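Spelled out, the chains give:
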Amino acid sequence: MSEPIIQFARVNKWFGRFHVLKDIDLQVGRGERIVVCGPSGSGKSTLIRCINRLEEHQEGRIVVDGVELTEEVRSVERVRREVGMVFQQFNLFPHLRVLDNVALAPVCVLKLSREEAEARANQQLARVRIGDQAAKYPGQLSGGQQQRVAIARALCLQPKIMLFDEPTSALDPEMVKEVLDVMLELANQGMTMVVVTHEMGFARSVADRVLFMDSGRIVEENPPSEFFANPRNERTRDFLAKVLPR
Amino acid sequence: MSAAAAGARGRPDTSRAPPTRARGPLPWLKANLFASAPNAVATLLLGAALVRVLPPVVRWLVTDAVYAPDYRACRALEYRAACWGFVTEKHRLILFGRYPYAEQWRPLAATLLVFVALLVTAHPRSWRRWLLPAWAVVLAAFLLLMGGGALGLSPVEAGLWGGLPLTVLLTLVGMSASIPIGLVLALGRRSRLPLFRAASSLYIEMIRGVPLITVLFVASFVFPLLLPQGLRLDVLARVALGITFFQAAYMAEVVRGGLQALPRGQYEAAASVGLTWWQTQRKVILPQALTLVIPSFVNSLLSTFMDTSLVTVVSMYDLTGALRLALGDPQWRHFFLEGYLFVAAVYFTCCLAMSRYSAWLEGRLGSWARRPGAVQA
Numbered sequence: 010m011s012e013p014i015i016q017f018a019r020v021n022k023w024f025g026r027f028h029v030l031k032d033i034d035l036q037v038g039r040g041e042r043i044v045v046c047g048p049s050g051s052g053k054s055t056l057i058r059c060i061n062r063l064e065e066h067q068e069g070r071i072v073v074d075g076v077e078l079t080e081e082v083r084s085v086e087r088v089r090r091e092v093g094m095v096f097q098q099f100n101l102f103p104h105l106r107v108l109d110n111v112a113l114a115p116v117c118v119l120k121l122s123r124e125e126a127e128a129r130a131n132q133q134l135a136r137v138r139i140g141d142q143a144a145k146y147p148g149q150l151s152g153g154q155q156q157r158v159a160i161a162r163a164l165c166l167q168p169k170i171m172l173f174d175e176p177t178s179a180l181d182p183e184m185v186k187e188v189l190d191v192m193l194e195l196a197n198q199g200m201t202m203v204v205v206t207h208e209m210g211f212a213r214s215v216a217d218r219v220l221f222m223d224s225g226r227i228v229e230e231n232p233p234s235e236f237f238a239n240p241r242n243e244r245t246r247d248f249l250a251k252v253l254p255r
Numbered sequence: 026m027s028a029a030a031a032g033a034r035g036r037p038d039t040s041r042a043p044p045t046r047a048r049g050p051l052p053w054l055k056a057n058l059f060a061s062a063p064n065a066v067a068t069l070l071l072g073a074a075l076v077r078v079l080p081p082v083v084r085w086l087v088t089d090a091v092y093a094p095d096y097r098a099c100r101a102l103e104y105r106a107a108c109w110g111f112v113t114e115k116h117r118l119i120l121f122g123r124y125p126y127a128e129q130w131r132p133l134a135a136t137l138l139v140f141v142a143l144l145v146t147a148h149p150r151s152w153r154r155w156l157l158p159a160w161a162v163v164l165a166a167f168l169l170l171m172g173g174g175a176l177g178l179s180p181v182e183a184g185l186w187g188g189l190p191l192t193v194l195l196t197l198v199g200m201s202a203s204i205p206i207g208l209v210l211a212l213g214r215r216s217r218l219p220l221f222r223a224a225s226s227l228y229i230e231m232i233r234g235v236p237l238i239t240v241l242f243v244a245s246f247v248f249p250l251l252l253p254q255g256l257r258l259d260v261l262a263r264v265a266l267g268i269t270f271f272q273a274a275y276m277a278e279v280v281r282g283g284l285q286a287l288p289r290g291q292y293e294a295a296a297s298v299g300l301t302w303w304q305t306q307r308k309v310i311l312p313q314a315l316t317l318v319i320p321s322f323v324n325s326l327l328s329t330f331m332d333t334s335l336v337t338v339v340s341m342y343d344l345t346g347a348l349r350l351a352l353g354d355p356q357w358r359h360f361f362l363e364g365y366l367f368v369a370a371v372y373f374t375c376c377l378a379m380s381r382y383s384a385w386l387e388g389r390l391g392s393w394a395r396r397p398g399a400v401q402a
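Protein sequences, first through last, are from chains A and B. Counting in my numbering, the first sequence runs from 10 upward without gaps. Counting in my numbering, the second sequence runs from 26 upward without gaps.
To be clear, the hints were calculated from the coordinates, so they are not data collected in a lab. Any given hint could be a false lead.
Stated by the list, open to error - Cross-link-like lysine-lysine pairs, in silico, DSS-like; alpha carbons within 30 Å at most:
no., chain 1, residue 1, chain 2, residue 2
1, A, K169, A, K186
2, A, K120, B, K308
3, A, K186, A, K145
4, B, K308, A, K169
5, A, K145, B, K308
6, A, K169, A, K145
7, A, K120, A, K145
8, A, K251, A, K186
Unchecked claim - Simulated coverage check for chain A against chain B, where a stretch passes if three residues somewhere in it have a Cβ under 8 Å from a Cβ of chain B:
no., stretch
9, 92 to 98
10, 101 to 114
Model, not experiment: these values are computed from the prediction. We put the CB at the ideal spot given by N, CA and C, even for glycine.
Could you put together the complete structure from these sequences and hints?
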């Protein structure tokens, strides 16, 4: 295997006195699809938010695409260009039209001209099958549509890695599929993905590896066939018993 | 395409038009004035009161009033009707203060110029790059017209400026200069840099602990003593600076309220696509925050507009102060009620225009905010 694109080495993090990440070691290869699951409060969101330094770690090393994340602003900016992120609450910019939501970063970060940026934005919107909504404001779209716009926005810098933080948890049930379908397509195109989700069907069909976290530790890490058929850790078995349909 | 639409196609179309409401004056009266028994009683009582009160008021204000600047006719009324003759006689003093009488076309032209500029600025279509230099030109023209000393205009010192132009100038300069300072203070108060944050908080709390009248006294009497020898600022500039720095502290808190209202996810989303701090503020945070604070902003605008009358304490005569000058005439001083009514009407017209404008602007800029799901708590 070539050099991993994401590396965590003995990473520790605290929120105040609360020890939220404990001795995390993790390597993600190029093109690999990782699903992270676990009970709420186990540190999964914090883990993936460390990858683009929305959270700072206090101990250990995180290297993303050859750049170590440190206090230095330049390294953070470089990493954020290579890493797209999709949030549970979409976090679209409500005062901008859909097209401008997606075109903002290419203009500001890549210094593209207005026309180039919009062309690129239209391309990404078409990719998530929402090109016809470009002139609307986010508040006029359904949750599923908003989340797809958020995916297009994250893709617009042509990142090498995509992070998804519970992308379907805030959606009405009938909209979950349209978002998962888009994510599935991305996976098939070879994108490196780290996904925090409770969609076990997605984990089973897409993931190369499933991580299970509990109390700030990665307690189980296996390919989905093994993970679901043969969970070794007791807490994993408990968790699966609760989330899997019987 | 969606599942909902496909389902609707399968079912018979059962949608109906909404029930129509009867139109016309009679149904309107019934719905709005006589909807229930208590409602009808209230309508009748209020109607009776209006019938009793309105005619004498109209007679006093309009029909029996004296409009000519005829002192004897006014005295003959014995206050049974308004003497608008006072306003007719003194309107130039009230509107322009102690400005030299023969030159009063200049403050008139200057004020009209600013009003036209305000009208043009009011529409978002004019919010382009040329607007700022254009305002610099307007302000320069205003000062040239008022101050003179060039282009054959005789010099008029700032201490003599007064009335409506003074009110408008102080409000305009005070408000527009306080916005950038207030923005910096608001961002400072939320900054991660401890020194910047402490300095902003200290400034805001200190200024807010002091009434405007004290700030004006300091600007007028203490500030000149602190200036180095040889440097002089005229009283108008000092007062304008005082109002600006006073207003900036309040503006900072108005803006901070808007910043606070935005969810953290907005900052995170901007950071995740690689925007820098400045880009995040300019493109994502401030456009939303400033739209949210339009109502409080207009609050400040209106109160500044009226608070400028405090400048009389440092011997400047704005609209209200100039009225007091006019009432100094012993012949007319009994007709203060008419004078204050006139000035009140001027203030009311200006304030109503500003508040209607802000309502319109809010609707136009904030249309994204009223849509469901747009603002996530």
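Status of the hints after comparison with the structure:
1. With a C-alpha separation of about 24 Å, the suggested pairing of K169 (chain A) with K186 (chain A) holds against the 30 Å cut-off.
2. Taking the CA atoms of K120 (chain A) and K308 (chain B), the gap is about 14 Å. The hint holds against a cut of 30 Å.
3. For the proposed pair K186 (chain A) and K145 (chain A), the alpha carbon gap of about 22 Å is at most 30 Å, so the pair holds.
4. A hinted pair counts as satisfied when its Cα atoms are at most 30 Å apart, and K308 (chain B) with K169 (chain A) qualifies at roughly 25 Å.
5. For the hint linking K145 (chain A) to K308 (chain B), the alpha-carbon distance of about 18 Å falls within 30 Å, and the restraint holds.
6. A distance of roughly 28 Å separates the Cα atoms of K169 (chain A) and K145 (chain A); the hinted pair therefore holds under the 30 Å criterion.
7. Taken as a hint, the K120 (chain A) and K145 (chain A) pair is honoured in the structure, with Cα atoms around 24 Å apart against an allowance of 30 Å.
8. For the given pair, K251 (chain A) sits about 21 Å from K186 (chain A) by alpha-carbon distance, which is consistent with the 30 Å threshold.
9. With 5 residues bearing a CB less than 8 Å from a CB of chain B, the stretch 92 to 98 of chain A meets the requirement of three and the coverage assertion stands.
10. Here the stretch 101 to 114 of chain A counts 6 residues with a CB under 8 Å from a CB of chain B, which clears the bar of 3, and the coverage holds.
Violated hints for the displayed structure: none, as all numbered hints are satisfied.
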